[in-house]
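4 protein chains.
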Amino acid sequence: MTDRGFTSTQLAARAAYLLRGNDLGTMTSAAPRLYPHMWSWDAAFVAVGLAPLSVERAVVELDTLLSAQWKNGMIPHIVFANGVDGYFPGPSRWLTQSLAAHAPSHTHTSGITQPPVHAIAVQRILDHARRHGRSTRAVAEEFLDRRWPDLVRWHRWLATARDIDGNGRIALYHGWESGMDNSPRWDAPYAGVVAGSMPEYLRADLDVVTDARQRPTDVEYDRYLWLLEEMKAVRYDDTELAKVMSFAVEDVFVSAVFSMACQVLAAIGEEHSMPRADVRDLNSWADRFQQGVVATTDARSGAAKDFDIRSGRWVATETLAMFAPLLCGGLDRDVERVLLRTFEGPKFCGHPDLRYAVPPSTSPVSREFRPREYWRGPVWPVMTWLFSWAFARRGWAERAYLLKSEGLRQAADGSFAEYYEPFTGAPLGSMQQSWTAAAVLDWLG
Amino acid sequence: MTDRGFTSTQLAARAAYLLRGNDLGTMTSAAPRLYPHMWSWDAAFVAVGLAPLSVERAVVELDTLLSAQWKNGMIPHIVFANGVDGYFPGPSRWLTQSLAAHAPSHTHTSGITQPPVHAIAVQRILDHARRHGRSTRAVAEEFLDRRWPDLVRWHRWLATARDIDGNGRIALYHGWESGMDNSPRWDAPYAGVVAGSMPEYLRADLDVVTDARQRPTDVEYDRYLWLLEEMKAVRYDDTELAKVMSFAVEDVFVSAVFSMACQVLAAIGEEHSMPRADVRDLNSWADRFQQGVVATTDARSGAAKDFDIRSGRWVATETLAMFAPLLCGGLDRDVERVLLRTFEGPKFCGHPDLRYAVPPSTSPVSREFRPREYWRGPVWPVMTWLFSWAFARRGWAERAYLLKSEGLRQAADGSFAEYYEPFTGAPLGSMQQSWTAAAVLDWLG
Amino acid sequence: MTDRGFTSTQLAARAAYLLRGNDLGTMTSAAPRLYPHMWSWDAAFVAVGLAPLSVERAVVELDTLLSAQWKNGMIPHIVFANGVDGYFPGPSRWLTQSLAAHAPSHTHTSGITQPPVHAIAVQRILDHARRHGRSTRAVAEEFLDRRWPDLVRWHRWLATARDIDGNGRIALYHGWESGMDNSPRWDAPYAGVVAGSMPEYLRADLDVVTDARQRPTDVEYDRYLWLLEEMKAVRYDDTELAKVMSFAVEDVFVSAVFSMACQVLAAIGEEHSMPRADVRDLNSWADRFQQGVVATTDARSGAAKDFDIRSGRWVATETLAMFAPLLCGGLDRDVERVLLRTFEGPKFCGHPDLRYAVPPSTSPVSREFRPREYWRGPVWPVMTWLFSWAFARRGWAERAYLLKSEGLRQAADGSFAEYYEPFTGAPLGSMQQSWTAAAVLDWLG
Amino acid sequence: MTDRGFTSTQLAARAAYLLRGNDLGTMTSAAPRLYPHMWSWDAAFVAVGLAPLSVERAVVELDTLLSAQWKNGMIPHIVFANGVDGYFPGPSRWLTQSLAAHAPSHTHTSGITQPPVHAIAVQRILDHARRHGRSTRAVAEEFLDRRWPDLVRWHRWLATARDIDGNGRIALYHGWESGMDNSPRWDAPYAGVVAGSMPEYLRADLDVVTDARQRPTDVEYDRYLWLLEEMKAVRYDDTELAKVMSFAVEDVFVSAVFSMACQVLAAIGEEHSMPRADVRDLNSWADRFQQGVVATTDARSGAAKDFDIRSGRWVATETLAMFAPLLCGGLDRDVERVLLRTFEGPKFCGHPDLRYAVPPSTSPVSREFRPREYWRGPVWPVMTWLFSWAFARRGWAERAYLLKSEGLRQAADGSFAEYYEPFTGAPLGSMQQSWTAAAVLDWLG
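Protein chains in written order, with our numbering: chain X, 915 to 1359; chain Z, 915 to 1359; chain B, 915 to 1359; chain U, 915 to 1359.
Bound conformation, chain X alone:
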């Protein structure tokens, strides 16, 4: 008899066991060995996964993250666990505490940011709290009261410091800020990055993931680190960064996530009678970035594009970024339908060789497609979750259901890998990835 996988309750138990195993007390590390710290968007997804089993613990996760928020409003992409090392580049490479005026003094963080999915986590916490008794609801509501100003500051920073020209698109100064580190989206922008002289370093990621093909190459890694030197040279100053960084792109996917997050946060604010001015700002940002996203799209296909600020060129790729408008809305109905067909058709979820009908990070029919290389092809369960959640929000209950049920079929092997080979379903990257477990826990209800 072949392996029968895990039942729903067994899978939920296994996912939760993993999450607690990655727990460092008040933060859940992204993965047990490769990522022993808190990542910004990982933390938000983790909170989504914790909420069904403990609203209280989910709140702690976001509190920890928000305690490391910079004074300018930025949520840094890494909050380093105290006294833990073993990740490169670590605090001694970023040097944010000594260089950046806005960095917090009590905790180590990186100096860049990550996609703003946190409002979603806040929403899920409130959703689950509602089903429980008074004391749990109070925990969630006090959290919201306490952190509302921080959440708005975070969004305000993105809407100002990172939307330089006010065109409704978020500028990134490092591929890592997109969360999709080595996506083909950044090949052209990175081509313009020339690594200068910098301190030596030893990569930590290859100790864990021994199949180097699943990870970025050394040349790529040199560029990644060079950008840090550029940032450090201007002490992470928002205004300076816009001028000096040799990597500067408008990320349409992050922009769409931001528009959606503003919609979500505005709705929360209205529901909980938060200051009207905040809600007004959030709604205006939601609209501006929605328009910013739509402005990048192809008139017929609806596919969205990134923009390379340095070269002044649009970057069209067959990656998940194409589908940015499906997250935030705003396309004409006809065009949106065409884009949905692409998403569900043979270029993505409907590719005949896929093991499960979930979207690969890069289309299998694209020249850039590499089935085992990180963001160049593999399926990322957390992306499947993000689309399924966004689709339910858009009112596409059936589409959301299909992504969820295929995502759960994929997860039934119990590996909770960071990403998966699209054709074979082989787990890749870090095993026991927190956000993969979190996605499964949310799906299982």
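To be clear, the hints were calculated from the coordinates, so they are not data collected in a lab. All values reported here derive from a predicted model rather than from experimental measurement.
Identical copies go unnamed one by one, so any copy, or any two together, can satisfy a pair.
Computed cross-link-like contacts, SDA-like style, restricted to lysine to any residue with a CA-CA straight-line distance of at most 25 Å:
hint	residue 1	residue 2
1	1261	1186
2	1261	1185
3	1261	1046
4	1261	1052
5	985	1158
6	1157	1110
7	985	1188
8	1261	1278
Since chain X is already given, all that's left is putting chains Z, B and U on it; use the hints.
Leaving out everything else, chains Z, B and U in the frame of chain X:
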């Protein structure tokens, strides 16, 4: 809207999150604060709860326990976590390493034992392994090969060192060995224990459980500790203990558990082609202890009794011990039916005021009944589980199903308490008790 | 032990057993005794419930209904089962075959219509077909090809014959056309109906529902029947009806349902490449009726109103009709939020005395509220379903989930009643109502 | 995307929809076209499937069957639906009303019997009633009171009229009485049946199942019918049949089922305080037939054999009959384990080419094996159910679970076929077979 509790998958996730939170690496502590070490029968139940989500981790749990087995075969009731203190009586009170010839040298243990439920855990590990692929099955089978001799040694020690007269009943020298520390079953035997002069001590349990009524009194505690001094005086020597201990009882419940465990282990041995001599011995012990249990029962009601060796008196109580024969079998069909009626009737599960139809530790109609005092009344989910599992084994699928479904209704509050008030369902004792979470995980499949 | 109700699978089985019990071959009667024929919107809901268990059978249901469509496009509110009598008013009272130019010749129907929820059923059939193999998908797609023109004709008739002034609201000439026969919404309009001389009659409904308080009074019933005489006098001619009927209202709820149904049907049309002109018309109707609904709403509360054409007065009631805009959308975000708060607050779902948090047909705080009288207070599971489905479509996944889970808790008694007492949960009206079973089957997935 | 089958609730709904579709009012026909009447053991299994969704309807099913019980106690193998024809051999071929002294006068029945699984159905009805409220429990208990004498009479008839020599084995006079009409078990006994001159006939079964290879051949059919003539010649007199029938076998499978049914009925009798003499008789029959079954087994393998009374020869086959002792118990532990290994090993459930790990009617390694021919190879879900239920009763919870979960995987195609090809899983025989749906409903809880 009132609290809607947790769904099945949420409950499974919460239980597993708890178990990993109590995980100390290669052992799962019994509870986060009150019991920061490994208890023998807790460990077995914990392995039952781990098996559905990770056969591999369940195997580690039993390996850790069996690594602390004494040379004479005894599995000690506590294996102390390295370098952790905060439980009294701890290693410095037991002094087993320095006094007991058979105690292991590499790890600290207590000097008494606990009910032999471990064969059940082995069975569940093998059950779950069967549903998985080759590598998981291999883990389980190698474990069995590796530990079979230890398991048989453990049973042999019980059948010889603890069945002094060969009458098919296990002798205990401390109430703690029964696992039901302050049960009314031991009131009479303890009355004969006169605490002599002994080192001072400070109880640790009351730091955590602040409602002292849920815990034993100080007078009781003095007697508990005096027995340790008696054991230490004879250096934990099996032969001497039988002579000198002022507390010595034949525990009918442990005897029934042992008979059942011998049946289970014999079946495993046959299934996996273990040495025939071992299987033969196990079967003969199963029979002898079944007869030993049946010999204590009332001819009409089928209720079993303990025996106070020191006073030479039978001890009949309205506690779970009455139902010992339902676990191991052996009663005449008619009498068994009467006993089942008592179990399901108004004295136990069918008491009209019970919140859930699960057996209280002591009957609510008994004079000894105290609804909040440990083993004097509260419901212990792990006992509900043990009966439900044993009933399924006896072929009573429907009875097993009912206990399980009521046990799950009780657990839906998510507290995973050590025990519960029978009428209100209020959680009592330690919260986040590992074995309660484990029982729920097994029930949820 | 109290009644434990039915598990999810048992409930699904019981619902399906009921549906087949009401099956007359190619139609499912609305209920076993009280309603032994096919009702128009019942049939649509029944198809929703059949689709998960048999796409093929669901298609048959709609085919039967559409086979009785009138030549002008109207789907009549009753299709009479061949050779079955026992319902009043029956074919001999309606006399549509002899009087109405557009009535079908081969089957008996009534001469009025009912709310246009049929596009929803078509959508659910297509949804379920998608999860199955090629042959099932073909059944669904051939059905769509075959019936698309009929569905568009049906919508076109509503948008023309029944929107006399083109203001985006459906005119009704009988309270029965609203599906909410005796709702307080129609008290004022009916007050203007003076029953003239007409043939004698004997009510059939009271034979089955013996508690007369759950049904309309005799005076009400006289008016109901008089309207038939008015229709017959003009031979059911659409143009004449607009002039002569003493009952004529613009039903805001039906208008909202129609807008939503146009949205759904347009989306299906686009998805399946139906004629562009059809899709364009559907979209324009969707918009016009959405505006028509919004035009009735209170600027602050968002509550919608009906309009009594004969008296020229708006009719504001605290009934489900208030919430019409939540179905079709179109309110300003702020106002919509206020209306949602009313829906979820103490006037409706959040009333503290409700047994389950589902919307009563009339608010318990309204003067018109009668907890056991049909549409004057009781909870109608099919309405709970309609709101939960519409809410999911609007992107309110969590709200949809809550209605569904409360609706299922209510249904767990297994009675599948037509409606329920809101405070006690007592089943009322016809038991074994097909659409209640259908709603449960859709909810259970 | 391939066909995703049905979810658990959809499958339950589909099964129940089928059962009601086969419902003829107070009886459920065995299948819609091939078997438009009530079969004895089908009815018992149908009641098992109805009980979870309606205890009341399940009771009706057994009441209908028992109303056709013969005066001598025999439950006939067919109760003909009133006024329905279309099955051969029908009432006019059996002529029981005119010939048999004991046949009921008010209803048409066949003149032979079928396996006595009815006590199981009674047990399941009582099980389900227990979970419901007072009125449902009363329905079940009144049924038991009303029918207890009939059930005992039925068992008494089997224990006397059909155990001629009192050796604890049931004698059958027709292969149909075994329920396994064309099993290789009966090849030898049928070889001794020489069809004489008899009325002409036209088979009805081949109209429905057009692939003749799935059904018995014409030569076989001639013999089947000749035996009716032999019975009619002696007017179905029990004593005469024993002498004259050219087919007479001791069926070890039916004998084991009978022993088990006696155990079950005795337990029910004890539980519900039925007359002690009845219980005593039932227990003694249970024991006698258990011994009768064990007496046929091979000392090493534990495999059971049938006995051909006419030839005086044992008939050992590699069919389900081998496993008879697993149902009723009684084998030595060692031998039983060997027999279980055969059941689970490569000759049956563990055959490497099986689509699902469920027992084929005849072993794939047997020379008699035909994968598509009725009882010569195909998998019968109702047999999988019977073994899973019996295994749970024997205390083999895990084995029961595995059969159930594999049985449900097989059923997920939604065809509810009478039997299935073991290697491909193709549905064969009658589709929409009531007892297959019933088995699934019981499994789904």
